[in-house]
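For chain A, the structure is supplied; the task is to place chain B on it using the hints.
In case you want the letters, here they are:
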Amino acid sequence: MPLVVPFAEDVFTWPSDKPQLIGCKCSECSAVFFPEQSACGRCGSTAVERELLPTTGTVYSWTSQEFLPPPPYAGGETRDTYQPMGIGLIDLEGVVMVEARLTECDPDRIHIGDRVEMVIVPFRSDDDKDVVTFAFKPV
Amino acid sequence: MREVVVLGVGIHPFGRFGDKSAIEMGAEAVRMALGDAGVTWNDVQFAFGGSFEVDNPDAVLGRLGRTGIPFMDVYNGCATAATALELTADGIRSGKYDIGVAVGMDKHGHGAFTSDPVHYGAPSWYGDAGMFLTTKFFGMKINRYMHDFGISHETLARVASKNYENGSLNPNALRRTPMSVEQIMESRMLNYPLRQYMFCSPDEGAAAVVLCSAEKARQLTSNPIFLRATALRTRKAGAYEVHSSSTFPEHEPAPTVFASQAAYEQAGIGPEDVDIVQLQDTDSGAEIIHMAENGFCNDGEQEQMLADGDTRITGRLPINTDGGLIANGEPIGASGLRQIHELVQQLRGNAGERQVPGNPKVGYSQLYGAPGTAGVSIVSL
Chain A
1 MPLVVPFAED VFTWPSDKPQ LIGCKCSECS AVFFPEQSAC GRCGSTAVER
51 ELLPTTGTVY SWTSQEFLPP PPYAGGETRD TYQPMGIGLI DLEGVVMVEA
101 RLTECDPDRI HIGDRVEMVI VPFRSDDDKD VVTFAFKPV
Chain B
140 MREVVVLGVG IHPFGRFGDK SAIEMGAEAV RMALGDAGVT WNDVQFAFGG
190 SFEVDNPDAV LGRLGRTGIP FMDVYNGCAT AATALELTAD GIRSGKYDIG
240 VAVGMDKHGH GAFTSDPVHY GAPSWYGDAG MFLTTKFFGM KINRYMHDFG
290 ISHETLARVA SKNYENGSLN PNALRRTPMS VEQIMESRML NYPLRQYMFC
340 SPDEGAAAVV LCSAEKARQL TSNPIFLRAT ALRTRKAGAY EVHSSSTFPE
390 HEPAPTVFAS QAAYEQAGIG PEDVDIVQLQ DTDSGAEIIH MAENGFCNDG
440 EQEQMLADGD TRITGRLPIN TDGGLIANGE PIGASGLRQI HELVQQLRGN
490 AGERQVPGNP KVGYSQLYGA PGTAGVSIVS L
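Chains as they are written, first to last, in the numbering used here: chain A, 1 to 139; chain B, 140 to 520.
Calculated directly from the structure, the hints in this document are not laboratory data.
The hints are all genuine.
Below are the DSBU-like pairs computed for lysine-lysine, each with C-alpha atoms no more than 35 Å apart in a straight line:
| id | chain 1 | residue 1 | chain 2 | residue 2 |
| --- | --- | --- | --- | --- |
| 1 | A | Lys137 | A | Lys25 |
| 2 | A | Lys129 | A | Lys18 |
| 3 | B | Lys235 | B | Lys500 |
| 4 | A | Lys129 | A | Lys25 |
| 5 | A | Lys25 | B | Lys375 |
| 6 | A | Lys137 | B | Lys375 |
| 7 | B | Lys375 | B | Lys500 |
| 8 | A | Lys18 | B | Lys375 |
| 9 | B | Lys500 | B | Lys355 |
Looking at chain A on its own, in the form it has when it is part of the complex (with noise of 0.2 Å):
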């Protein structure tokens, strides 16, 4: 079995059964932001603390990422072999809104209001891993 990789460090955690986003909580204002940063972008307090996501929520809007993406983005597809990939901003039971990848992105099979969950989805195979990244599925 090749080793199975994130695509960047502390956006989920894992290894896990039950892999969540992770964000942070300031604790003088209580805002919630993904990921986690330094200081709060609300009131500027450097209190914030490490939040686990829900992993379930509603779309709020999506858009389909027809054309391959320039760099930076690293997915590691070529202009022949990049298949259209949703994008959505996804309201976390009213924790955080998130910007996340979808599994969807025909307007027949994702829409408004959808109820999603979040899965682990390859993103690209290196020579002895596979490097995976997060994204939300209709439930």
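Positioned in the frame of chain A, the structure of chain B alone reads:
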């Protein structure tokens, strides 16, 4: 604060110009603005130059004359030109100077803008994941707006078709071929629901204005155009903006809303007093949303307004009369000064084939873009 007059405007056409440098284009735009103002470079006491690609816009001094004046370089995302305009106006409002120049220039390659996400405060993996694209933000924003307020796909195409039609009447535009609603609806989907011909393109060009104190302008012109307001705002926490990896479930209004309110207050007018409008149409959805964010209609009324042709040159509220970004493209540093150039031509009655009838007296312009910055300017006779 002292009143400020737009004494002259100049523009280098927007398009693609081979080896010609942005600095050459900027110098040409300034020369044209000086000629229009009836002053010389030696009369100019200070200047602001805006660009995304050019590190050193002050290099236009080498083409205009190194007179030793303070020349300040600015970059502020898609609101760069509004920023150069505001800072130049402030230099005159404060009483420090009487005559200044704001110039913008850029020379972009093809395709969507890209950069290092870390320099925008986004996580480094944001680009790796394929998220660091302005176009996907605009797709998501208008998709939700259409869902909430009943805007149709055809209305998106109507906006673009209107702007191409206006661009066909503008000798300085990048795209001068009219395009039908059907052609636009058949073009390739890029970011649902936005199609290829609903987006503007990064391109090349320059524009400049000469600003002057109203007092001094009395000696120089009998038909002054006043710069009634300039306002800049950034995104508040919780606004859903370009390059936001997260936002709050309860959204704050976009920065344009606050810049618009501040500009109306400064000018002492409301949207009902505006005769002609230039809005940031990065894509046709952005023009739709910006119509409401700037107070020109309620959310959802755009559907009927576009169907009725209200925003055409001959309509009751002409928008993007020179073709906007969709027909002109977006050389970032110059884009907002192109808007001012067009408003000034219209208020003077010099807009030729695209002249808005009925002697427009008040013009309004708005810029919005990454990383969530808006600028609004108002001019009037």
